[in-house]
Amino acid sequence: MVVSAANNDDGPTAKAAGNKKGDPLQIQVRNRSRGESGLVTVSTGYSMRLSNKQVGDGGGAIYGCRSAPNTESCVNADNLNTGLGFFFRTRKGNTAGRIEAAGGVNAKPFTTNATGVATGLNADQVDGQGAAELAQSTRAGGNCPTGTANTGVGSCVESTPRPAAAFAGAAQVCGAANRRLPLVSELIAARAAGVALADSELTESVYQNGAAFEVTAINSAGNPAAVPIGTAAPFRCVSD
37 MVVSAANNDD GPTAKAAGNK KGDPLQIQVR NRSRGESGLV TVSTGYSMRL
87 SNKQVGDGGG AIYGCRSAPN TESCVNADNL NTGLGFFFRT RKGNTAGRIE
137 AAGGVNAKPF TTNATGVATG LNADQVDGQG AAELAQSTRA GGNCPTGTAN
187 TGVGSCVEST PRPAAAFAGA AQVCGAANRR LPLVSELIAA RAAGVALADS
237 ELTESVYQNG AAFEVTAINS AGNPAAVPIG TAAPFRCVSD
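Numbering (our numbering), first residue to last: 37 to 276.
Keep in mind that the hints were calculated from the coordinates and are not lab data. Given the structure is predicted, the values throughout are model-derived calculations rather than measurements. Even for Gly, the Cβ is constructed at its ideal location relative to N, Cα and C. Among the hints, a few may not be true.
Claimed, not checked - Calculated cross-link-like contacts (lysine to any residue; reagent style SDA-like; alpha-carbon spacing at most 20 Å): (1) Lys144 - Ser109; (2) Lys57 - Gly71; (3) Lys144 - Thr107; (4) Lys89 - Tyr99; (5) Lys57 - Val76; (6) Lys57 - Leu75; (7) Lys57 - Thr80; (8) Lys144 - Cys110; (9) Lys144 - Asn106; (10) Lys89 - Thr107; (11) Lys89 - Phe124; (12) Lys57 - Gly74; (13) Lys89 - Lys128; (14) Lys144 - Asn112; (15) Lys128 - Val76; (16) Lys144 - Gly133; (17) Lys128 - Gln90; (18) Lys89 - Gly129; (19) Lys128 - Gly94.
Claimed, not checked - FRET-style restraints, in silico, Cβ to Cβ: (20) Asn179 - Ser79: 53 to 61 Å; (21) Thr151 - Gly129: 27 to 35 Å; (22) Gly96 - Ser73: 13 to 21 Å; (23) Gly92 - Pro181: 51 to 59 Å.
With the hints as extra help, turn the sequences into a complete structure.
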């Protein structure tokens, strides 16, 4: 394919009838064609380079089409080997690019069949909140699983106590439900939020008292009490 410059009298567009097959492309005019034009090279660099040396205004390339859904895209980059399919870079700007969609509030910026984590898109924060803060704000909004109550401190505690069990059995029951025994602070907070406690409900706090191990329990008045680790007591599980 030959690229040749247009003469000054060519005007803003090329011949209205369109270029014939095999005609050279002309610079600074519209080259009309009703078929697909191909440029195939064998090069260790790029097959084609488009560059605009005007500083301050002017882009490098623009592609337009009138393609309908589920047909050809306006731009299609297909790497037939194992390298990258595309690469965008900005040298100085604070924003690397923008995707605009005119499909309304349900428009998607893009879709993908890839399931791996995209480095740099696996955000540490959403709306300025980290994972723990998001969980706490979600719980604070009352979004707890059915059968649980909001502790007000970022977790949800079961609304009613389970049958009495020793500490090891209680911990196993909660673990099987993908939950855990509550912290002392969570039971106290739950009571303050209106959850009625049974007498001496188990927490996950275990400590050694001399030769014996004891569990911190919270009574119906919200006060801590010591329960021997092997003694059955009511308990409830917590969902994070």
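Right, here's what the structure says about each hint:
1. Lys144 - Ser109: holds (16 Å)
2. Lys57 - Gly71: holds (9 Å)
3. Lys144 - Thr107: holds (18 Å)
4. Lys89 - Tyr99: Given that 20 Å is the threshold and the Cα spacing comes to 19 Å, the pair holds.
5. Lys57 - Val76: holds (16 Å)
6. Lys57 - Leu75: Distance ~14 Å between Lys57 and Leu75 Cα, so the pair holds.
7. Lys57 - Thr80: violated (29 Å)
8. Lys144 - Cys110: holds (17 Å)
9. Lys144 - Asn106: holds (15 Å)
10. Lys89 - Thr107: violated (34 Å)
11. Lys89 - Phe124: Given that 20 Å is the threshold and the Cα spacing comes to 18 Å, the pair holds.
12. Lys57 - Gly74: Holds. Lys57 to Gly74 sits at ~12 Å (cutoff 20 Å).
13. Lys89 - Lys128: Distance of about 16 Å is within 20 Å: holds.
14. Lys144 - Asn112: holds (19 Å)
15. Lys128 - Val76: violated (33 Å)
16. Lys144 - Gly133: holds (16 Å)
17. Lys128 - Gln90: holds (16 Å)
18. Lys89 - Gly129: With Cα atoms ~17 Å apart, Lys89 and Gly129 stay inside 20 Å; holds.
19. Lys128 - Gly94: This hinted pair holds, its Cα atoms lying about 16 Å apart.
20. Asn179 - Ser79: 53 to 61 Å: 57 Å Cβ-Cβ, so the 53 to 61 Å window holds.
21. Thr151 - Gly129: 27 to 35 Å: Once the Cβ atoms are compared, 31 Å apart, the range 27 to 35 Å for Gly129 and Thr151 holds.
22. Gly96 - Ser73: 13 to 21 Å: For Ser73 against Gly96, whose Cβ atoms are near 19 Å apart, the range 13 to 21 Å holds.
23. Gly92 - Pro181: 51 to 59 Å: holds (57 Å)
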